[in-house]
Amino acid sequence: MSRRKLSVVLAQVALLVIVFGGWQLFTSLKIVDPFFYGQPSGIVRKIGTWIQHGTGFGSIWVQISTTLEEAVFGFLIGVAAGVIAGVLLGQFRFLSDVLSPYIKAVNALPRIVLGALFIIILGLGIESKIVLAAFLVFFVVFFNAYQGVREVDGNLVNNARILGASRVQVIRNVVIPSAMTWIIASLHVAFGFAVIGAIVGEVLGAQHGLGVIITDSQNNFDANGIFAGMLIIGVIALVAEWLISLLERRLLAWRPQTATEAAGL
Amino acid sequence: MRSNTSHDYRIELSAVTKRFSTPGGTAFTALRDVTMTVEPGRFCAVVGPSGCGKSTTLTLVAGLDRPSEGSVRVGGRPVDGIARSTSFMFQTDALLPWKTVLGNVAMGPLFHGVPKKTALTDAREWLRLVGLAGFENHHPHQLSGGMRKRVSLAAALINEPSVLLMDEPFGALDVQTKAIMSNELLMLWDQTQPSVIFVTHDLEEAIALADQVVVMTAAPGTVKAVFDIDLPRPRGAVQEIRFGKRFTDLHHEIWESLRDEVERAYARTAAPASAPAGPAVPTVSIEEVRS
Chain A
1 MSRRKLSVVL AQVALLVIVF GGWQLFTSLK IVDPFFYGQP SGIVRKIGTW IQHGTGFGSI
61 WVQISTTLEE AVFGFLIGVA AGVIAGVLLG QFRFLSDVLS PYIKAVNALP RIVLGALFII
121 ILGLGIESKI VLAAFLVFFV VFFNAYQGVR EVDGNLVNNA RILGASRVQV IRNVVIPSAM
181 TWIIASLHVA FGFAVIGAIV GEVLGAQHGL GVIITDSQNN FDANGIFAGM LIIGVIALVA
241 EWLISLLERR LLAWRPQTAT EAAGL
Chain B
1 MRSNTSHDYR IELSAVTKRF STPGGTAFTA LRDVTMTVEP GRFCAVVGPS GCGKSTTLTL
61 VAGLDRPSEG SVRVGGRPVD GIARSTSFMF QTDALLPWKT VLGNVAMGPL FHGVPKKTAL
121 TDAREWLRLV GLAGFENHHP HQLSGGMRKR VSLAAALINE PSVLLMDEPF GALDVQTKAI
181 MSNELLMLWD QTQPSVIFVT HDLEEAIALA DQVVVMTAAP GTVKAVFDID LPRPRGAVQE
241 IRFGKRFTDL HHEIWESLRD EVERAYARTA APASAPAGPA VPTVSIEEVR S
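The listed protein sequences derive, respectively, from chains A and B.
Under the numbering used here, the first residue of the first sequence carries the number 1, and numbering increases by one thereafter.
Under the numbering used here, the first residue of the second sequence carries the number 1, and numbering increases by one thereafter.
These are calculated hints, taken from the structure and not from any lab test.
Computed from a predicted model, the values in this text were never measured in an experiment.
Careful, some of the hints might be misleading.
Stated by the list, open to error - Chain A is faced by these chain B residues, among others (derived, beta-carbon under 8 Å): (1) M107; (2) H141; (3) N159.
To be verified - What follows is a set of in silico ranges between Cβ atoms, one per label pair, in the way DEER data are often shown: (4) P234/B with S100/A: 52 to 62 Å; (5) G113/B with I120/A: 46 to 56 Å; (6) R233/B with A185/A: 25 to 35 Å.
Glycine is no exception: its CB is placed at the ideal position from the N, C-alpha and C atoms.
Please work from the sequences and hints to get the whole structure.
Pasting the structure below:
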């Protein structure tokens, strides 16, 4: 490890210690009220309790897997629908001219509210959360896929056409790979939206899930429970982010090595 | 080597006019009343100042665009879309960056439904012909500009075109690489004998390669003059023939015709205060005037 890198890591650890140590210290000294603001040791204890004795709604693993299932299915459905719609509208001018004002209008609405509607329609099970997550993911991916398709180099398309490519072959060999950079970039944000969709859906009404135990903690004035739920969701999001980066590296392996924009933040 | 048995791919443009509508709503005439013929299997170079519609001419012959007036015929039939017998080499890189070199060259046959194994074998053979054996699994960005042009050339020729259209294909290359590529192009053309339209702004390149040089006027583009290049074939090294007597005579003669157009195009783009374009020296390439 180079000197510079070492000092960066040391500074990062120091920052972590200062923030959490300070939090722990000030709440222990009652300068900050741990009842409202929680306490790192309390959060750790809370997670320990959940793992050992379960939550009020069953094992913590059931809550995690429920939320994960909703987020992942919502993510996959939303991404698939977003890519298909983006490619279709990007390729067929008539379609995009007809639909674009409506898509913009729907995008301007606070879509998260539809979660309430989905629960009325689909009930308290995971389906309503999957649909809400997919709905949020769709728009993020759609706009990127659409933009990516519109930005395809006309020369590449013409070259493929002259070499004999049919419309479908052009889409498969030129348009989609070219838009892939844009689509992949949207996936990082999109998974975050999938998790938000799942959690909000659970908060609005569900039997299991991390959103349910967070709402329960709120009802019991348990700040540590809220933080603990948040922490678990954060870990899930980080793992998902890592997996998406792996996928990105694999799908965009053809790119020159200098492209390290993801490494920045 | 392959050879085209169908030697009837004459390219004929008669009274072709092409207008584009500008964003401002006015019409811009890129080509006006262009009439020219390229005999089957002949190599025709088109020179002219920047913006004279050289590239537009190629897109019309390729079937990527339609003329506003007049007719474009290839092999006696009106061009009404992209034809299998036509290949096009673009000015900028048109290789797919996400495909390997081999994948890029094999695209043509694969699009036409040739079995994958045959297509890949053919692509390997073509890469060997352009001197890129061993680079099959590289990606385009790992190659130099000259090597990428060879890949483009292989990708264009693997479809065994009867008509080969080239839009300043070597414009971005350095002089040495350009000379090497020109030699290789002549060798491959000699083996496959497609009818060629080669657009360039480099008059030396045009004379060295072509049977016929067409000079176009500044916008709107129209044919100003056609010169037959009677230099014997095979021409040999492009770097050497340009010092021959006949070559310099032809160069002088064609440059006389081209110079007015270049100066006119230059006067349009240059600021009024700048010095007038002095007596042009033939070696000042038109590249300077571009953009």
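Against the structure, the hints:
1. The interface hint given for M107/B holds, since its Cβ lies 5 Å from the closest Cβ of chain A, which is under the 8 Å cut-off.
2. Interface hint at H141/B: satisfied, since its Cβ lies 5 Å from the closest Cβ of chain A, which is below the 8 Å cut-off.
3. Annotation: interface hint on N159/B holds; nearest CB of chain A at approximately 7 Å, less than 8 Å.
4. Range check, P234/B to S100/A: Cβ separation about 58 Å, and the 52 to 62 Å hint holds.
5. Between G113/B and I120/A, the C-beta spacing of about 52 Å keeps the proposed range 46 to 56 Å intact.
6. Separation of R233/B from A185/A is about 53 Å and departs from the stated range, judged on CB atoms against 25 to 35 Å.
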